[in-house]
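Undergrad: Protein chains in written order, with the working numbering: chain A, 3 to 66; chain B, 3 to 66; chain C, 3 to 66; chain D, 3 to 66; chain E, 3 to 66; chain F, 3 to 66.
Among the clues, some could well be false.
For chains that are exact copies, the list does not tell them apart, and a pair is met inside one copy or across any two.
To be verified - Taking lysine to aspartate or glutamate and the EDC-like style, the derived pairs with C-alpha atoms no more than 16 Å apart in a straight line are:
1) Lys55 <-> Asp25
2) Lys32 <-> Glu62
3) Lys55 <-> Asp28
4) Lys55 <-> Glu39
No wet-lab data here; the hints were simulated from the structure.
6 protein chains.
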Amino acid sequence: MPEVVVYSVGNRSQDQKRGLCKDITDAVMKHYGAPAEAVVVTLVETPKTDKAKAGVLFSEMPPR
Amino acid sequence: MPEVVVYSVGNRSQDQKRGLCKDITDAVMKHYGAPAEAVVVTLVETPKTDKAKAGVLFSEMPPR
Amino acid sequence: MPEVVVYSVGNRSQDQKRGLCKDITDAVMKHYGAPAEAVVVTLVETPKTDKAKAGVLFSEMPPR
Amino acid sequence: MPEVVVYSVGNRSQDQKRGLCKDITDAVMKHYGAPAEAVVVTLVETPKTDKAKAGVLFSEMPPR
Amino acid sequence: MPEVVVYSVGNRSQDQKRGLCKDITDAVMKHYGAPAEAVVVTLVETPKTDKAKAGVLFSEMPPR
Amino acid sequence: MPEVVVYSVGNRSQDQKRGLCKDITDAVMKHYGAPAEAVVVTLVETPKTDKAKAGVLFSEMPPR
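From just these sequences and the hints, can you work out the full model?
TA: So, in C-alpha cells, the structure goes:
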C-alpha cells in the first residue's frame, strides 16, 4: 500500500507502461513516504469498444 | 469527472454498450449537472470464469 | 451484478443521489437485461481536497 | 452487496478461482451477516505486463 | 498484491472488520499461494445514503 | 481519461495530496501523451480501522 489503479483506453507499449509505473511509484514514495516495495500499480486497459466519453464510445469517435 | 465504472459478466454487443454508456452519461448530466465531456464511463467485462455470485462461478452455474 | 461505482467530487443532495441511482439502474436493466434486484450502485463521493483534474486539486481551483 | 474485487497478476486455474471465490463469500457471510446471494466477487486478472511492484513490471522482474 | 477491495454499506464493528480481513487474507494465501505480507485488504464502507439496490437507496428502504 | 485512483491508509496533508496529484498527472501526460485536462486523480483515503496488510488492521499494528 498505497495501491494505484490507472484506467485508460487502448493499448500502450511496454515502454509507456514501464515509464508510467516507474514515475507513479516515485511520486508515491516522494510525497507519501512509502517504501518502494509497498507501492503496487495496476494498469487497467479498456478496449475502445468498452469506454465512453461524453456518451460516445471511443471506438465510434470520429478521427481527430 | 464523474467517472463511472460498470462491472458486469460476459460479453455484451456493441449496441448494448453504446446504449448503456449513453444513458448513464445522460443520467449523470441530468442529476449531477455535469457537462457531457466530463463524464467518462468504463465498462469492465469479466469472463464468467472470473466472477462469482453466492460463492459459485458464473461459468459453473447450472443453466436456468 | 452488474455493479456500478460512480466517483464524483463534493457532496450531492439526497434528491440527486436518488435520481442518479434510479436512472443508472434503469439503464442497466434496459440495455443489459439485468433484473432490478441484481443492480447495485455505489456512490463514492470524494472531498474536493482529495481529487484533482489537470493536476490541480478541486479545493484549490479558482472559482469559475 | 457486499461486492468484492480482487486484483491479482497473471493467470490462475479454475480450481484456484473457484476456491478463492467460495472462501471469500463464506468470510463475508460469516463476519458481515450477508446472505449468500448478495455476495458478488469479481476477479480482475492483470497481465504481468500491466502491473508493477516497487516500480518494476512483473513481466520484467528477474526470476526468483 | 493481490489487493482486495470490499464495498459494503453501513458501519461494521471493529471485530467484524478484523475477522473479515483475516479470513480474506487467509483465503488469498491458501488459494493463490501469496505470502501474507503481500495481501492488502481495503474496506470501502459506503453510507446508506450513497448506495442503492434495485434503484432504491439503502437509506430509503422500508425496514424488513 | 486516464483516470487514476490511489488507495492509501490514514490522512495526508494538503501538501502531500497536491504534490502527489501533480506528479501523477505529469507522469500520465509524459508517458501516455494525455492532455492535462483529461487526467483525473482520485485519492481514496481509508481509515486505519478499515485496511489490513498480512491480515492485520493498520489500527491494530504494533508501533514500529
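Undergrad: Give me the numbers of the hints this structure contradicts, sorted from smallest to largest.
TA: Violated hint: only 2; rest satisfied.
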